[in-house]
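**Q** Heads up: the sequence lines are chains A and B, in that order.
With the first letter of the first sequence counted as 1, position 244 gets the number 244 in the UniProt record's numbering; the numbers rise by one all the way through.
With the first letter of the second sequence counted as 1, position 307 gets the number 307 in the UniProt record's numbering; the numbers rise by one all the way through.
Hints were generated in silico from the structure; no laboratory data involved.
Incorrect hints may have been included.
A pair counts as met if it fits within one copy or between any two copies, since identical chains are not told apart.
Stated by the list, open to error - Each computed EDC-like pair below joins lysine to aspartate or glutamate, with the alpha-carbon atoms no more than 20 Å apart:
| no. | residue 1 | residue 2 |
| --- | --- | --- |
| 1 | K453 | E492 |
| 2 | K350 | E492 |
| 3 | K350 | E383 |
| 4 | K458 | E362 |
| 5 | K458 | E492 |
| 6 | K458 | E273 |
| 7 | K357 | D59 |
| 8 | K337 | D456 |
| 9 | K419 | E119 |
| 10 | K357 | D54 |
| 11 | K252 | E187 |
| 12 | K62 | D35 |
| 13 | K304 | D111 |
Protein chains: 2
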Amino acid sequence: MREIYIYDTSLRDGAQGNGISFSADDKKDIARRLDAFGIPYIEGGWPGSNPVDDRLFEDPPKLSAAKLSAFGSTRRPGTDASDDANLKALTASSAPVCTIFGKTWDFHVTDALQTTLEENLDMISDSVRFLKDAGKEVVFDAEHFFDGYYANREYAMACLGAAVEAGADWLVLCDTNGGSLPERISEVVEDVLLTYGTPVGIHAHNDCGLAVANSVAAVEAGATMVQGTVNGIGERCGNADLCSVMPILALKLGMDLGMDMGGLTDLSAGIAEVENVIRPNGLPFVGEDAFAHKGGMHVSALSKDTRTYEHIDPSSVGNRRRILVSDMAGRASVTEKLKELGIEESDDSKQIVDRVKSLESEGYQFEGADASFELLVRKMRNEIRPVFHLRGFRLFIDSVGDGRLTSEASIKVSDLGGKTEHTAADGNGPVDALDNAIRKALSHFFPVIDGIKLTDYKVRVLDGKAATAATVRVLITSTDGQHSWTTVGVSENVIEASLYALLDSMEYAIYKEKEGKSQ
Amino acid sequence: MREIYIYDTSLRDGAQGNGISFSADDKKDIARRLDAFGIPYIEGGWPGSNPVDDRLFEDPPKLSAAKLSAFGSTRRPGTDASDDANLKALTASSAPVCTIFGKTWDFHVTDALQTTLEENLDMISDSVRFLKDAGKEVVFDAEHFFDGYYANREYAMACLGAAVEAGADWLVLCDTNGGSLPERISEVVEDVLLTYGTPVGIHAHNDCGLAVANSVAAVEAGATMVQGTVNGIGERCGNADLCSVMPILALKLGMDLGMDMGGLTDLSAGIAEVENVIRPNGLPFVGEDAFAHKGGMHVSALSKDTRTYEHIDPSSVGNRRRILVSDMAGRASVTEKLKELGIEESDDSKQIVDRVKSLESEGYQFEGADASFELLVRKMRNEIRPVFHLRGFRLFIDSVGDGRLTSEASIKVSDLGGKTEHTAADGNGPVDALDNAIRKALSHFFPVIDGIKLTDYKVRVLDGKAATAATVRVLITSTDGQHSWTTVGVSENVIEASLYALLDSMEYAIYKEKEGKSQ
Numbered sequence: 001m002r003e004i005y006i007y008d009t010s011l012r013d014g015a016q017g018n019g020i021s022f023s024a025d026d027k028k029d030i031a032r033r034l035d036a037f038g039i040p041y042i043e044g045g046w047p048g049s050n051p052v053d054d055r056l057f058e059d060p061p062k063l064s065a066a067k068l069s070a071f072g073s074t075r076r077p078g079t080d081a082s083d084d085a086n087l088k089a090l091t092a093s094s095a096p097v098c099t100i101f102g103k104t105w106d107f108h109v110t111d112a113l114q115t116t117l118e119e120n121l122d123m124i125s126d127s128v129r130f131l132k133d134a135g136k137e138v139v140f141d142a143e144h145f146f147d148g149y150y151a152n153r154e155y156a157m158a159c160l161g162a163a164v165e166a167g168a169d170w171l172v173l174c175d176t177n178g179g180s181l182p183e184r185i186s187e188v189v190e191d192v193l194l195t196y197g198t199p200v201g202i203h204a205h206n207d208c209g210l211a212v213a214n215s216v217a218a219v220e221a222g223a224t225m226v227q228g229t230v231n232g233i234g235e236r237c238g239n240a241d242l243c244s245v246m247p248i249l250a251l252k253l254g255m256d257l258g259m260d261m262g263g264l265t266d267l268s269a270g271i272a273e274v275e276n277v278i279r280p281n282g283l284p285f286v287g288e289d290a291f292a293h294k295g296g297m298h299v300s301a302l303s304k305d306t307r308t309y310e311h312i313d314p315s316s317v318g319n320r321r322r323i324l325v326s327d328m329a330g331r332a333s334v335t336e337k338l339k340e341l342g343i344e345e346s347d348d349s350k351q352i353v354d355r356v357k358s359l360e361s362e363g364y365q366f367e368g369a370d371a372s373f374e375l376l377v378r379k380m381r382n383e384i385r386p387v388f389h390l391r392g393f394r395l396f397i398d399s400v401g402d403g404r405l406t407s408e409a410s411i412k413v414s415d416l417g418g419k420t421e422h423t424a425a426d427g428n429g430p431v432d433a434l435d436n437a438i439r440k441a442l443s444h445f446f447p448v449i450d451g452i453k454l455t456d457y458k459v460r461v462l463d464g465k466a467a468t469a470a471t472v473r474v475l476i477t478s479t480d481g482q483h484s485w486t487t488v489g490v491s492e493n494v495i496e497a498s499l500y501a502l503l504d505s506m507e508y509a510i511y512k513e514k515e516g517k518s519q
Numbered sequence: 001m002r003e004i005y006i007y008d009t010s011l012r013d014g015a016q017g018n019g020i021s022f023s024a025d026d027k028k029d030i031a032r033r034l035d036a037f038g039i040p041y042i043e044g045g046w047p048g049s050n051p052v053d054d055r056l057f058e059d060p061p062k063l064s065a066a067k068l069s070a071f072g073s074t075r076r077p078g079t080d081a082s083d084d085a086n087l088k089a090l091t092a093s094s095a096p097v098c099t100i101f102g103k104t105w106d107f108h109v110t111d112a113l114q115t116t117l118e119e120n121l122d123m124i125s126d127s128v129r130f131l132k133d134a135g136k137e138v139v140f141d142a143e144h145f146f147d148g149y150y151a152n153r154e155y156a157m158a159c160l161g162a163a164v165e166a167g168a169d170w171l172v173l174c175d176t177n178g179g180s181l182p183e184r185i186s187e188v189v190e191d192v193l194l195t196y197g198t199p200v201g202i203h204a205h206n207d208c209g210l211a212v213a214n215s216v217a218a219v220e221a222g223a224t225m226v227q228g229t230v231n232g233i234g235e236r237c238g239n240a241d242l243c244s245v246m247p248i249l250a251l252k253l254g255m256d257l258g259m260d261m262g263g264l265t266d267l268s269a270g271i272a273e274v275e276n277v278i279r280p281n282g283l284p285f286v287g288e289d290a291f292a293h294k295g296g297m298h299v300s301a302l303s304k305d306t307r308t309y310e311h312i313d314p315s316s317v318g319n320r321r322r323i324l325v326s327d328m329a330g331r332a333s334v335t336e337k338l339k340e341l342g343i344e345e346s347d348d349s350k351q352i353v354d355r356v357k358s359l360e361s362e363g364y365q366f367e368g369a370d371a372s373f374e375l376l377v378r379k380m381r382n383e384i385r386p387v388f389h390l391r392g393f394r395l396f397i398d399s400v401g402d403g404r405l406t407s408e409a410s411i412k413v414s415d416l417g418g419k420t421e422h423t424a425a426d427g428n429g430p431v432d433a434l435d436n437a438i439r440k441a442l443s444h445f446f447p448v449i450d451g452i453k454l455t456d457y458k459v460r461v462l463d464g465k466a467a468t469a470a471t472v473r474v475l476i477t478s479t480d481g482q483h484s485w486t487t488v489g490v491s492e493n494v495i496e497a498s499l500y501a502l503l504d505s506m507e508y509a510i511y512k513e514k515e516g517k518s519q
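Next up, chain A with everything else stripped away, as it sits in the complex (with noise of 0.2 Å):
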């Protein structure tokens, strides 16, 4: 038997964040993904609301292990469960669990529901009784519950005993607004596991930066049920996230959670990909910089231990440790940057540095452009020499008859045979006419280049006080589908600071595809 059970809510909970819309072709890719990882229960969302939920609800995803959970709310004032839309939706569902939130808050009873204390205590347990007899596994969800908590406590456990009694098998304490501090939830879990036998969750929200900190803060104190999503998505700033709760309980409380963590960043990196949302870089134990080391002190004592800066080991969460090259680094750093990349070491770590050191002055950095990286050091020892050559290109703005902006490129490319190919494209704005040229010239010799995509282009003026004659670095992200890679040009010219980012990007492809083939 697991100790804790966790409980997904992104397809609900998390479907309320900022930005987030799922299609039930969605849903059931992520709850695939939750249930393969060993997650046991996946809010689906809430049948009879909206035609995804339902047709979810209609077409469940095939779950291993998992179980589906229907989402709904009490009955509705002065009506009868067996007449409830929402509750009947619940029960015809294809879901073995139903989770029903109820108020809590007397506040909330008398000014947002606008009924009466006693009725409110009805609506809780006819409503779950409703569901107990139709067979269904229920998880009371109590909303503010640590606000009403402390506004009443005498209401707010009669809620809670509202539920018991009519045989909910969850008391998920929820702290709907975010503001409670760990100490409150502790206090308060303890309070409701003396008063009723009932198993405790906790559902906490982020808006004090300190959702986590509260799950596990319930769970010490004895709830064995926690309530988040994946990354912490969801409404204002999100729920718990489960990315740092799932790791913290596993690997540093040393719960039983009946998952393993191994997989935990491609989970969090597959749903983030799903969702089309874009993880931040420094997400705790999934991030791409959880474990990214840039102080030069910290990479050198790293090298003697992995335990002097890191808490714990990155490959327990799938993660991977990373040396940013950077100005603050040194030689350590790039012996452990060439570890990393796979790249053999030699005797060469100092030029190396060196020449790293007089590009970062120039106002390259190479931090987040692991291939720009890769291509300097190959280039340096002769691995890679240049497999064609620019002759040149023109570029012309023009705004003259309505008004309207024009982007052309026009360039000349040639192979190493001499082989000429001198080709011209629009674009919108002038970096984009510029790639697009690129890319017709070059796909001529190296049909690889068809299958780039470009995903990311950052600008960054590095010197404001040069004003627009300042310099400025261009971070290029490409993908060929299966990989992505980063690269880096520097110029004061914006135009010639992305054609060094974009022809990187085109070689590093170039050499792969050939890499690939010689193997």
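Got chain A; can you put chain B on it based on the hints?
**A** Leaving out everything else, chain B in the frame of chain A:
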């Protein structure tokens, strides 16, 4: 006397974050903002370690009340403190406060530092005494204190004892690897306070998503200094976010920080702008979405009483409520903004809000661009009419002969009488060429233009996913030597976005000069 002292390390530990790099001017700008907000300690950097920090301490920003702090480490093993270049740079610096970190985890002393436990104690006491003898306020940052304490409590405490005996003013306990849980933090802080009388501080990292919780736990256990960064920037998962810690202490726990939280959101947004980092929308308290409501039921309850779904009043941290379905906010802030800019109020604030919203949906942001906002309002009111017409321009960017890039702009401008100026100019890149050509043409009609200088140029890519065809926002700051103003332009074309911001800047200068003459 304030109860709790906030110590900002954005400029030092924050600079370890991936993608963060400061010029000396950036550091001064940020220090002034922190000072204006009322933060009492500002760690500027590490003198003697790099040219940026040397410049900062040689010519420190004028601060009204905050103390600037210089960072360094204990002396090297087997040397004399008075011979240590690093410690000498600290005593020679202009900073009244010196913060040095020292090892307190036995394993780090023997394995990373590779010296004896005894020598490390001497290193701590010698270094602290050397700084105290120079008349500095000394903060001792006990690196890895919590890990060290659990590995070998006696030795970790002895390290603090060495600092205390040498006269350290503060003992700051660092959770350097970010792996500790709040309960451990509380226990250890209590033990240290019972053992030594010296004031204690906390320095927490966010590797478990617990940096805010750990900082609050330490304060509740008796710590009186909190180190952290604005928006939580920093290495790996970042430092404790002061924008969460401060309002929790001030607004939730009623502690006296000697600061008003009303400017917190502006502080957060302004510093992110200088750092050129994008703040996550879900940042607690200060994020764009921190008080954004999407759920229909939530919105309806909010209209009855905002306490139903808000844990604090958004205005108490300078933030605002947003309703994501139909944004109802904004009118009050426009009114406030007009007042701030000294523009007469009128009954057109609804039209202004509508216009601002529609421009914001295209990617405009007027927060940092007061001059563009003032032009917008005065044009809507017909107080400013166009004084020149841009008839057209062409940009030529060539890289054909020797590979050097040349940029040239030709431009045609006419005044209201129909007099036309057709001219051309070179530049350091296309935007610079365009700027030079516009100035050259306009200064014929408006000699004031000759005295205007651009001082800052920022580019932000708004939609990374569209790669080189993404929408970009350009911010340009100009000065006439006395005043400076900022304008904004948005387009999918970086040239066009720059052009809009440039034209706004010139128009603003011409308007202000005319207004000055007519008074």
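**Q** Confirm or reject each hint.
**A** Verification of the hints:
{"no.": "1", "hint": "K453 / E492", "in the structure": "between (26 Å within a copy, 18 Å between copies)"}
{"no.": "2", "hint": "K350 / E492", "in the structure": "neither (28 Å within a copy, 42 Å between copies)"}
{"no.": "3", "hint": "K350 / E383", "in the structure": "within (18 Å within a copy, 64 Å between copies)"}
{"no.": "4", "hint": "K458 / E362", "in the structure": "both (18 Å within a copy, 18 Å between copies)"}
{"no.": "5", "hint": "K458 / E492", "in the structure": "both (15 Å within a copy, 13 Å between copies)"}
{"no.": "6", "hint": "K458 / E273", "in the structure": "both (9 Å within a copy, 15 Å between copies)"}
{"no.": "7", "hint": "K357 / D59", "in the structure": "neither (42 Å within a copy, 26 Å between copies)"}
{"no.": "8", "hint": "K337 / D456", "in the structure": "neither (23 Å within a copy, 34 Å between copies)"}
{"no.": "9", "hint": "K419 / E119", "in the structure": "neither (81 Å within a copy, 68 Å between copies)"}
{"no.": "10", "hint": "K357 / D54", "in the structure": "between (44 Å within a copy, 18 Å between copies)"}
{"no.": "11", "hint": "K252 / E187", "in the structure": "between (22 Å within a copy, 17 Å between copies)"}
{"no.": "12", "hint": "K62 / D35", "in the structure": "within (9 Å within a copy, 58 Å between copies)"}
{"no.": "13", "hint": "K304 / D111", "in the structure": "between (62 Å within a copy, 7 Å between copies)"}
Of the numbered hints listed earlier, those contradicted by the structure are 2, 7, 8, 9.
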